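Chemist: Chains as they are written, first to last, in the numbering used here: chain Y, 36 to 666; chain W, 117 to 653; chain H, 1069 to 1167; chain D, 43 to 323.
Any given hint could turn out to be false.
To be verified - Derived lysine to aspartate or glutamate pairs resembling DMTMM-like cross-links, with alpha carbons at most 20 angstroms apart:
(1) W/Lys446 / Y/Asp617
(2) D/Lys138 / H/Asp1160
(3) W/Lys622 / W/Asp172
(4) W/Lys641 / Y/Glu246
(5) Y/Lys197 / W/Glu588
(6) W/Lys622 / Y/Asp113
(7) W/Lys618 / W/Glu340
(8) Y/Lys197 / W/Asp510
(9) Y/Lys479 / Y/Asp337
(10) W/Lys175 / W/Glu340
As the list claims (entries may be wrong) - Short derived list, chain Y residues pointing at chain D, Cβ under 8 angstroms:
(11) Ala78
(12) Gly640
(13) Tyr641
(14) Arg643
(15) Ser644
(16) Val647
(17) Phe650
(18) Ala653
(19) Ala659
(20) Leu662
(21) Met663
If you are wondering where the hints come from, they were derived from the structure by calculation, not from laboratory data.
Just so we're clear, the structure is a prediction, and the values are computed from it rather than from any experiment.
C-beta atoms are modelled at their ideal positions from N, C-alpha and C, and glycine is treated no differently.
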Amino acid sequence: MENLIGLLVAAPLLGAAVLLCGGRRLDRVDHWIGTLLAAVSFALGAVLFADLLGKDAGARTLTSHLFSWVPVGGFRADVAFRLDQLSMTFVLLITGVGTLIHLYSVGYMEHDERRRRFFGYLNLFLAAMLLLVLADNYLLLYVGWEGVGLASYLLIGFWQHKPSAATAAKKAFLVNRVGDMGLSIAIMLMFTTFGTFAFGPVLTHATDAGEGKLTAIGLMLLLAACGKSAQVPLQSWLGDAMEGPTPVSALIHAATMVTAGVYLITRSGAIFNAAPDAQTAVVTVGAVTLLFGAIVGCAKDDIKKALAGSTMSQIGYMILAAGLGPVGYVFAIMHLVTHGFFKAGLFLGAGSVMHGMNDEVDMRRYGGLRTYMPVTFVTFGLGYLAIIGFPGLSGFFSKDKIIEAAFAKGGTEGWILGGAALLGAAITAYYMTRVMILTFFGEKRWQPDADGNRPHPHESPRTMTIPMVVLAVGSVFAGGLFSINDTFLKWLEPVTGHAEGNSPLSAIEVTAATMVVLVLGVALAWAQYGRGPVPVTAPRGNALVRAARRDLLQDDFNHVVLVRGGEELTRGLVRADHSVVDGIVNGTAAAVGGLSSRMRRLQNGYARSYAVSMFGGAAVLIAATLLMRAV
Amino acid sequence: MSFPLLTVTAAVPAAGAVATAAVPAARRAAAKWLALAFSLATLVLAAVQLARFDPDSGKPFQLTESHAWIKSFGVRYDLGVDGIAVVLIALTALLVPFVILAGWHDADPLEEAEPNRRWRPTQGFFALILLVEAMVVISFEATDVFLFYIFFEAMLIPVYFLVGGFGDRAGARSEEETAARRSYAAVKFLLYNLAGGLIMMAAVIGLYAVTAHQLGTGTFSLTEIVQARADGRLQFATVTERALFLGFFFAFAVKAPLWPLHTWLPGAMGEATAPVAVLITAVVDKVGTFAMLRFCLQLFPEASKWATPVIVVLSVIGILYGALLAVAQKDIKRLIAYASISHFGFIVLGIFAMTTQGQGGATLYMVNHGISTAALMLVAGFLISRRGSRLIADYGGVQKVAPVLAGTFMVGGLATLSLPGLAPFVSEFLVLVGTFSRYPAAGIVATLGIVLAALYVLVLYQRTMTGPVKDEVRGMPDLRVRELVVVGPLIALLLFLGVYPKPLTKIIDPAVGHTMSQVHRTDPKPDVPANDVEAAK
Amino acid sequence: MNPVNYLYLAAVLFTIGAAGVLIRRNAIVVFMCVELMLNACNLAFVTFSRLHGNLDGQIIAFFTMVVAAAEVVIGLAIIVSVFRTRHSASVDDASLLKL
Amino acid sequence: MSALAAAGTTSIGEAVQFWLLATVAVLGALATVLMKKAVHSALSLAGTMIVLAVFYLANGAYFLGIVQIVVYTGAIMMLFLFVVMLVGVTAADSLKETIRGQRLLAGLCVLGFGILLIAGIANAALKDFDGLGQANSGGNVQGLAALVFTKYVFAFEITGALLITAAVGAMVLTHRERAQRPAGQRERAEARIREGKHVPPLPAPGVYARHNAVDIPGLLPDGTPSELTVNPTLRARGQIRDVSGEALQELAALEQRSAEWVTGGRGEDGRSASGAKEARK
């Protein structure tokens, strides 16, 4: 059984290798190869899942040690995998959604000349992501961590001829690198603290280490999570990442990669449990981000960017939950999974819409599409209901639990967090309704595109609709299935541990409150967009709206402080390098030259003056000898 | 008296140099093939060394050869390799064939269309390359300080001619201009390194004086001096030891190059042809860092400890400084040069972190940096040779017309920013961990380097490869077979060593342990030795 | 009297000759001054040989004379040929050493 | 004197001789350096050398003493004089210094050098000495010969070679290969015409009834001497006898007499006769 784990990673890796090195001869079958290998790893995942279910709850951990990777002195890094309930969950999510999106891409990327590479990158991503969640130590996890970063870089910048895409890709990679820095420092800290960075020893002995060290490690891990999961203050890349093809946005920037941060924090739960300050930081980041993302999501007219904002905010929920400790871990993961379903579905829907509207992304130029692409409409609608937490659908269960847990934190802290979560729910309802209305309801506001040909909306091909349907089903039922007599809780508890928080509000009250804010949000959105016609060009709006359109000025901040500052710094350094560091060197050379040119004057060519110097030399020599004699 | 493997390994390329130089002017192709053949023979010999080297035997030096040379000064012809040297020799022998292949047409005489152009003898070019290889190999093998010094210095001569004589003609208005810039770079390189060598020579003589004074008979033999120190027959006065250490270290720091002694490198790498630039950074400069490990630390352990803080600071500065300047460069090759400066900062940092991870990582870093820089620089050279310009601004959208070239360039770049899964990551992380466990602040600051590395690599890739296709770039041919033969193996090696570096670490580890024991330093212990507890269970 | 006086005399003569070499411009005179210096040396040698009681000093002086003769011949020949070409016997006119 | 040199002592006589001759030697040396004319320098140097020869003899170096006189004073110095003549003793070269600071530096060096040298000799402190007694016992010349042909035989041979080389060298240096046929009378004449000066041959020196010599410049119509008419070497040596002054006086006197003659010719016989008589006195 254990050996299968290796294969799980190997299958998509093989696909990537074949597709990227294969050359043109594969150009007719490439997409099927990619999809097939994704499916294979899903099948393997399923088999392993079955195997795990076969064992009893305590012993559901498979480890497979492949080979010793970097053995140097006391530093031992192995290529070893660890499959437990947590990673199993991720494996299924990744391979499942991954396979669906491969399928979707078959249709979506049909006519792209670089399709082979696209599928190669997708497989590469799957491999890296699986490595990330299956790794048995932090260093190997780091490899997957950067691997997914690379894949996302390649895929965001897939249409490299668009400068915007190239820039977005670079930005994503750089911001992620800042996070990775955190992760590597965390690993170093672990090494100096525990002498190892394998999950087993570190997590079991976390409590033995000093709290200061643990807090430091925790904060560094949080930094890493912020980078990968687009949390404040490292969230700026996610919006631009929408430059990539839509399936990419669905898979990487909605369902799987961006949730890696949540995985990291949950996995390192033992450390965070022992470092309350770090936890506080985590929940703060989560709360801030969930509001931040929600607000940004409200202001965007680009459907994908709106969804990106929503992703940000939903992950904020998860981080928040993860920061709450044992109370929240399970729900964080649960929300992660359900979110994987409905957000992927929403993105695929958006992709299908764009597909029909010759790649128009501005929602203000949509409208009334429900009759033209019914399947998309239905699936998107179900996803919509799921995300706003409509009773009975996935989002309802998972998000509700998180809000409850937030209140359960207790004290003013609890109230603040809970309030934030509630407010987030309201805004979520608002912006999702807005997206829904702008896209599928109201009158047509279609505009001819750059080439002047008017869009002819049409339903997308089978390969694209089927995944959407599947995901829609998932987003309807997943939450329910998980919650029926706490299946999911029981499933994960052995890994993450669980504690019942004592919430000041009862579950009923929380649910009620959620319903209220939900209705409010929807109503507000309807009042604003549902009743009257929507202007094709966005009104100027008030300061907040304008700020929100610009990601709450976060990019401007980065630009002014980091980019400009950096440019100034480097330019200064270049000047310094030339004038100071090199200047000294050249100065010395020049000095020597000058001196010698002066010495040259002595060479006047008159034999007699040479004779004088000779003679003087002789005199000096005699003097020297006499002196030596004297002393 | 067994077969003198080490001598032969160094002698073969030397002989190759002579043979290549002797090829008549008309038979240019023959010279190339001859040089290639000899470099491959050297590669085989290096492989034999690796095979016959036994990392687990306790001996510090193996395959040793020892003959008296200049009796009156106690100079001996002592050769011997430890785990570090044998690996670096392998790297050298591995890279040179690629360098020769990559520079296949660099030294062809200019077509007769321009009669007033200088005719550049192909034979000389390849002969010089082989000569450099020979000298590098023997200075890796020498365990006699004087012997090492001779070749450490003599190396400058062929490199000088390679830089000054066979410059990169890209991106210049006129042949005169390139000639001027080239000779400037070459002379600067020469003077810089000669200055370093001069100071080192003083130190070498001083060393002799000290040994002669205390041991009765002066000696340059590393093993002998180390032995004498061990059993107390030889004690350095603190001041003397520090002075001698500084003398040695200065020369190595120039060669390495360590900030702020780096300013010769960008010029030399920028003006030289890409293969020669690779030869300089990937091979010749390694002698400097290697010598720090072998001579500075082992001869002067106390002084090394004394100097460590300053050197750590310098190298951290170098890491960030090189990276930042790389970001601002307009010239592809200079950019890579500054990137190398940053990397050399990592190597020196690892060496003076005085931890097993640091020094092991540094050694591994020398190898990986050699390969990765070679890959990136050579591809850059191919790119430049196609467009005839070194300015980043002259490129754009290359990946559209030459995807394979762009792909290899990307891999080389990713290796340079040490992406996990590629070889440099392992070494860089080891260096960082090793540093962090002793100097946390330095470790953290150095970690900033990985962000900056991503910045300059990605900016370079974005500006040259992506975006709309520039007209000048249109119709640029993709990599040819010869070029693929050069780049392919390097990339394969990067991947392999990234996934499975154990073969190297197995060889390096004992040697590093030996060095550490010389310096009397041990790794700091973790607060909670979790592993041991696990083991105890 | 102490024969060392001879040595003092030799020193004085030598010095005077040197002064002449440095001051005079006429090649011939300069040359004579060189001869003067040589003679001073010879005197010293002879004196030494007397002081040490062996003839080696005289032998050296003898060789000096021979060499001096040869040198004079060549030197004067040079002067003559130089004079022929530049119509002057001044050492300063032959100031091409700096090129 | 020879006996004294042999003994380990010196006598009053030698002292006197030393002090007298030493003075002469130094004066001669100074003269060599300071004389304006090369000839004088050469002669004074010769003097110094003779004195040195005496000193050699006094120091028991009989052979050297003779050689000194024969070779140096007799041969080398004469060679010098020949060259001086050959080169043409142009006007004594001015002792005015041309190189800035040369004289000062030279003075300093020489002074320092001399002082140091003398100091060195002084602290060498040679009090007693063993004379050439047994060294010269078999005769000075024999002693030298013994050394020359045994111990210094190689040096001796080599000096021989040196002398030969020197002789050949001197010939090579001085012997001038004619690059082209020397210019004949015709060419020289044409050259003169081309240059346009001295179209006629150079004027002859002033040859008069009274004195007939080449060292007297001819006079120009106005009575001033023409430098052209005498040999440049004479001119250089300042050995020109300028007769222009008395020539002018005679001219004046002649004119006066002729004038008186004219006036006397106008008066009566007696007057004129007396005038003539006075004029004749």
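Chemist: None of the hints should be skipped; say for each whether it holds.
Modeler: Status of each hint after checking the structure:
Proposed proximity of W/Lys446 and Y/Asp617 is supported: the alpha carbons are some 18 angstroms apart, at most 20 angstroms. For the proposed pair D/Lys138 and H/Asp1160, the alpha carbon gap of about 13 angstroms is at most 20 angstroms, so the pair holds. Using a Cα cut-off of 20 angstroms, the hinted pair W/Lys622 and W/Asp172 holds, with the two alpha carbons roughly 9 angstroms apart. Only pairs whose Cα atoms come within 20 angstroms are accepted, and W/Lys641 paired with Y/Glu246 is accepted, the gap being roughly 18 angstroms.
Between Y/Lys197 and W/Glu588 the CA atoms are separated by roughly 19 angstroms; this keeps the pair inside 20 angstroms, and the hint holds. With a CA separation close to 14 angstroms, the supplied pair W/Lys622 and Y/Asp113 stays within the 20 angstroms bound. As the CA atoms of W/Lys618 and W/Glu340 are separated by approximately 32 angstroms, the hinted pair breaks the 20 angstroms bound. With a CA separation close to 18 angstroms, the supplied pair Y/Lys197 and W/Asp510 stays within the 20 angstroms bound.
Taken as a hint, the Y/Lys479 and Y/Asp337 pair is honoured in the structure, with Cα atoms around 17 angstroms apart against an allowance of 20 angstroms. The suggested pairing of W/Lys175 with W/Glu340 holds, with an alpha-carbon distance near 14 angstroms, which does not exceed 20 angstroms. For Y/Ala78, the interface hint is violated, since its Cβ never comes within 8 angstroms of a Cβ in chain D; the closest pair sits about 101 angstroms apart. Given the 8 angstroms rule on beta carbons, the hint for Y/Gly640 is violated: about 10 angstroms separates it from the nearest Cβ of chain D.
Here the hint on Y/Tyr641 is kept, as its CB sits about 5 angstroms from the closest CB of chain D, short of 8 angstroms. Taken as an interface hint, Y/Arg643 checks out: its beta carbon lies about 6 angstroms from the nearest beta carbon of chain D, inside 8 angstroms. The beta carbon of Y/Ser644 comes within 6 angstroms of a beta carbon in chain D, closer than 8 angstroms, and the hint placing it at the interface holds. Given the 8 angstroms rule on beta carbons, the hint for Y/Val647 holds: about 5 angstroms separates it from the nearest Cβ of chain D.
The beta carbon of Y/Phe650 is positioned within 8 angstroms of a beta carbon in chain D (closest approach about 5 angstroms), and the interface hint is therefore held. For Y/Ala653, the interface hint holds, since its Cβ comes within 8 angstroms of a Cβ in chain D; the closest pair sits about 7 angstroms apart. The restraint placing Y/Ala659 at the interface with chain D is violated, with a minimum CB-CB distance near 10 angstroms, outside the 8 angstroms limit. Hint on Y/Leu662 is violated. Least Cβ distance to chain D is approximately 10 angstroms, over the 8 angstroms limit.
For Y/Met663, the interface hint is violated, since its Cβ never comes within 8 angstroms of a Cβ in chain D; the closest pair sits about 12 angstroms apart.
In summary, the structure is inconsistent with hints 7, 11, 12, 19, 20, 21 from the numbered list given earlier, while agreeing with the others.
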